[in-house]
Amino acid sequence: MSSNSHEPESFAFNAEMLEKAKGYIARYPAGRQQSAVMPLLDLAQRQEGWVSRAAMEVIAEMLDMAPIRVEEVATFYTMYNRKPVGKFHVQVCTNLPCMLRGSDDVVAAAKAALGVGFGEMTSDGLFTLSEVECLGACVNAPMMQINDDYYEDLDAGSTKTVLDALKRGETPKPGPQNGRQFSCAAGGPSTLTELTFQTEKA
Amino acid sequence: MPKLTIDGREIEVEAGTTIIQAADQLGIEIPRFCYHERLAIAGNCRMCLVEVEKMPKPVASCAMPVGEGMVVKTNTPVIKKARQNVMEFLLVNHPLDCPICDQGGECDLQDQAMAYGSDRSRCQEGKRAVPDKDYGPLVQTWMTRCIQCTRCVRFISEIAGTPVLGGLGRGEHMEITRYVNSAISSELSGNLIDLCPVGALTNKPASYTYRSWELKKTESIDAMDALGASIRIDTRGNEVIRVLPRINEDVNEEWLSDRSRFAIDGLKRQRLDRPYVRRDGKLQPASWAEAFAAIAAKVKSAGSKIAAIAGDQADAEAMVALKDLVESLGSTSLDCRQDGAALDPKVRASYLFNSTAAGIEQADALLLIGTNPRKEAPVLNARIRKRWQKGGFKVARIGHKSDLTYKYEHLGDQASILKDIADGKHPFFEVLKAAAKPALIIGQGALSREDGAVLLGLARKLADATGMVVEGWNGFNVLQTAAARVGGLDLGFVPGAGGKDTAGIVAGAAKGEIEVVFLLGADEIDMSGLGKAFVVYQGSHGDAGAHRADVVLPGAAYTEKSATFVNLEGRAQQTRLAAFPPGEAKEDWRVVRALSEALGKPLPYDSLKSVRERLVKANPVFAAIGEVKAAAWGSFGTEGAVTDKALVSHIDNFYMTDPISRASKTMAECTAAFGGGCGCNHKKTGTHG
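As they're listed, the protein sequences go chains A and B. Residue 102 in this note's numbering sits at position 101 of the first sequence, with consecutive numbering throughout. Residue 239 in this note's numbering sits at position 158 of the second sequence, with consecutive numbering throughout.
Quick caveat, the hints were computed from the structure, so don't treat them as lab data. Where hints are given, some of them may not hold.
Claimed, not checked - Label pairs and their computed distance ranges (CB to CB): (1) A/Ser124 - B/Asp484: 44 to 52 Å; (2) B/His481 - A/Thr79: 39 to 47 Å; (3) B/Lys162 - A/Thr79: 27 to 35 Å; (4) B/Lys482 - A/Ala166: 53 to 61 Å; (5) A/Thr79 - B/Arg209: 12 to 20 Å; (6) A/Pro9 - B/Lys482: 47 to 55 Å; (7) A/Ala109 - B/Ser202: 44 to 52 Å; (8) B/Pro176 - A/Glu8: 28 to 36 Å.
To be verified - Some chain B residues close to chain A (C-beta under 7 Å, calculated; not the full set): (9) Val140; (10) Pro244; (11) Gly250; (12) Tyr260; (13) Ala439; (14) Lys506.
Bear in mind the structure is a predicted one, so any value in this text is a computation, not a measurement. We put the beta carbon where it would ideally sit given N, CA and C, even for glycine.
I would like the entire structure built from these sequences, with the hints used as guidance.
See below:
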C-alpha cells in the first residue's frame, strides 16, 4: 500500500474522458454499471498517468459502488499504477522466456540509461522503470512495454537506443528492434523455402 | 428435489442447496473457514474439500450445489490429504502465538489444526507480517493472524450495510483493511469478532483479560434495547467479561448490537452497592433498615399522595411488586412511560411490533414514521436490510434523513405527510395499498411528542385503510426502545382510575400534590421538575435518579437477576443471574417486597415463583415464555391536529441510552470516535426526551 503524501485532493475526468466513460457505462444494463469499473480506472490512468484515491472515489460515485470495492480492483491488477509515473512508463519483462533470451542485459541497460532502479522515477519526471510479469510477447523476447507500445527483440544496445530516442523527444518505431518482421522466424524462413503455388506452376 | 448420498447416507434436499449444507443437515462435519451460512459464498479457504464421484478433483463443498444422484465422500484418504495440504498453506503465514491469543481455545483454525495440521512445518522462509489496522475502540486487529477468509468483508457489506472493509492487493500481498477515510461506524461491528474464525479480530475492551475456558457461560436475554436479543453472558468470578449473541432465529438470528455487547463495563462503574439516605442535604450511607425507616416515616405522612415511575430497564417482577405496593397504599399514579409516549395500554396491538422481527422479512412495503431503526434497534434494522436486499420492497420514511443501510424514499419530516398518506392523498398510500403485506414502523420519536396520540391514531387509520391488518398478517409496528416498556404495559404499570401519568406525576410533585415518588430505575425524566417531593430511587446505577433521590435503594442490573422482560414483539423472555449484584444490592422485586413489609403492607408473595404467578394473573402473556401471540386489533389513538415540528428519532447517541451505557467507558470512547453512531457524526451526546 502506498503512502498518502502524493495523493491529490480531488480528481475530475476531462470532457473527452468523461464522454468515453459514459460510453462504457452505457454498455451495461441498468443496475450493472459496476461492470465498467475497469475501463473507467483505465481512463483515469490515461488521463493522470496513475489512479489516485480521489479518482477511485469519483469512479465509485459514478458507478454507485463503495470506494473500497474500486480500490480492491485497482490494487488487484498490477497494471493500474497506484503511484505517479513518468511520462514514459518503461516496463521490462523479466519472466522466464525473456530472462532466457537476455532480459538481464535489457534491465541493466535500462537502469544505466535512465539512472534509476525498478519502481523509481527519473528526476525530470520523464521515465519510470518497472519490472513486470509476462506481457504475452514471449515469441519476441526479451521485450519491454513503454506506455501502450511493445519494444521487442531487445538487447542492451537497442534498449539504450530506444530510450535515448525517447529522451530526445523522438518516437522510436515499436515492435522488433532487430529488423525482424513481427514474429517471423529470425533469419528468414527455415521450412517451406521452395514454396510454389498452383497458379505459378502453369 | 435432488437426492444424493453423503458418506453412504442418503438425503433429499431442496434444489440449490450446497453439499456443505446437505452434510450439515445430516450432521456430517465438514471443516470450513470462509463459509458461513448467513453470508454469501466465497469459496476461498478451500478447507471444505470433498470427493464427488465422477469428478476428477476434490471440490469445495460450500460452493458446489447438489445434483441428483451425487455420491459424496467426506472422509477418504484423498480428502484428508487435501485438507492437510490446505491447512499447511494456511499455516505458512499464521503466527504461532496461540498461547497469547485471545481466540485461543475457541479458534476454528486451532481446532481444525488438531485434526488436519502437522506438528512441524516444511516452510523455511520467514512468515509474512501484516501491519495492524485501526478498527476503532471495539475491534482489535491482529492482521498477521488473518487467513483472508473475507467473512468480515462480507458481513460488513452484506449484513451491516456499511461497506468499508475490503481485501487490497493480491496473492501474498493481500491485506484486509478498511477504506482509508471511513471508520467502522457500524452498530453491528462486534459481530466481526464472532465471525472471525481466527484471532485476527478480537474484543478490544476485553483484550488479554480472559481465557475462554475460564469463563462461566450463562444464557440470558439482553435488556439494552427492546429487541431482547438472546445473549450468552460470560463471567469469571463475579465479573461480566463479555456478552455474546446466541442464535435465536425469531429475534436476533445470531447478531448483537455493539451497545448490547460492549456496554457491560458500565456494570462495574457508578454502581449503587448499598442504601443511602439523604441527611443534611447529602446522601449518606445507611443500612437497609434505616433506609426503609426513612421511607416509612415519609409514606405515613403522605398517605395516598404517592406515585411511581418505572424506568427503561425495570423488570416485570419488580414492576408488578411496585404496582401492588403503590396500589395497596391507595394510589393509582403509576407510569412506565418515562418519555410520555402515547402508547395505549388497553389495546395490546397498539404498542407491539406486531409483524414480529422475523415477520418483517415478509413485508413488501414499509413506511417508517419518526424512527431511525438503525439507532433504535440495529439488529432489527439488519433484518429490514435483509428484506430490502431480496428486492421487491418499497421503503419510505417520514423523519430525519440519514443512512439506514438500505435505500428508501424520503418523504419529508413533517407529521402532516403522515396525515396525507392516511387520508389517501399521498402517492405512497397507493404503494401500501397495492402491497400484499404492507407494514409501517412508528417510533418513539413520533409517539412521545405532544401530538403522539394523534400520530398513533393516524398510523392506525393508515393501517386500517391499506389492509395492513388482515388474517395472518399485522403490519402495524411500534418500535419500542426500552426493554421494560412492553412488560410494563402488559402488567398494567400505567395510571389507574384517577391516577397521574409521568407528566402528571412530575407536575404534581412540583405542586406538592405528590409527596413521595418512587423511581424504579427511572433516570430519563426531568428530575428538576420533581419539586420538594420525597424521591425514592431504586436502581443499579448512580445516574440522574440517584442524584435527585432522598433515599437510594441498590438494585440489580439485568445480568444480576432472574427477571422477565417482554420484548417489542410481545415475547416474554427471562434473564438468568450471571453474576451477583454488588455489595448489598438485591434483586429488585425482593427490595420492593422488603419495603412493603417495612411499610406495613406486606405483599402476598415471597418467592420468585409466587411473583411470577402474580405476573401471570396480571397478564397471561407472562406464562408463555419465549412465545409471541398475535394481539387483538382494536381502536386506539385520537383524532386531532398535528403540530409542524419535524419528526425525529428520540435517540441522538446510539452508544449511550441508559444508565449502564452512560457509565461505560467503552461507550464513551465510541461516542468520541463515531459520534452518535450510524455515520451521522452527531457531535451531541446523551439522550433527550
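Checked hints:
Remark: the range hint 44 to 52 Å for A/Ser124 to B/Asp484 is upheld by a beta-carbon distance near 46 Å. Judged by the Cβ atoms, the range 39 to 47 Å given for B/His481 and A/Thr79 holds: they are separated by roughly 45 Å. Checked against the hint of 27 to 35 Å, the C-beta distance between B/Lys162 and A/Thr79 comes to roughly 34 Å, which is consistent with it. Between B/Lys482 and A/Ala166 the CB atoms are about 59 Å apart, so this pair conforms to the stated range of 53 to 61 Å.
Look at A/Thr79 against B/Arg209: about 18 Å separates their beta carbons, and that is inside 12 to 20 Å. A hinted range of 47 to 55 Å for the beta carbons of A/Pro9 and B/Lys482 is inconsistent with their spacing of about 31 Å. Restraint check, A/Ala109 to B/Ser202: a C-beta distance of roughly 37 Å breaks the suggested window 44 to 52 Å. A hinted range of 28 to 36 Å holds for the C-beta pair B/Pro176 and A/Glu8, which are about 32 Å apart.
The interface hint given for B/Val140 is broken, as the beta carbon of that residue sits about 25 Å from the closest beta carbon of chain A, more than 7 Å. Taking 7 Å as the C-beta cut-off, the interface hint given for B/Pro244 holds, the closest approach to chain A being about 4 Å. Taken as an interface hint, B/Gly250 checks out: its beta carbon lies about 5 Å from the nearest beta carbon of chain A, inside 7 Å. Because the closest C-beta pair between B/Tyr260 and chain A is about 4 Å apart, less than 7 Å, the hint holds.
Against a cut-off of 7 Å between C-beta atoms, the interface hint on B/Ala439 is violated, since the closest Cβ of chain A lies about 28 Å away. With 7 Å as the threshold, the beta carbon of B/Lys506 stays out of range of chain A, its nearest partner Cβ sitting at about 31 Å, so the hint is violated.
Hint check: violations occur at hints 6, 7, 9, 13 and 14; the rest are consistent with the structure.
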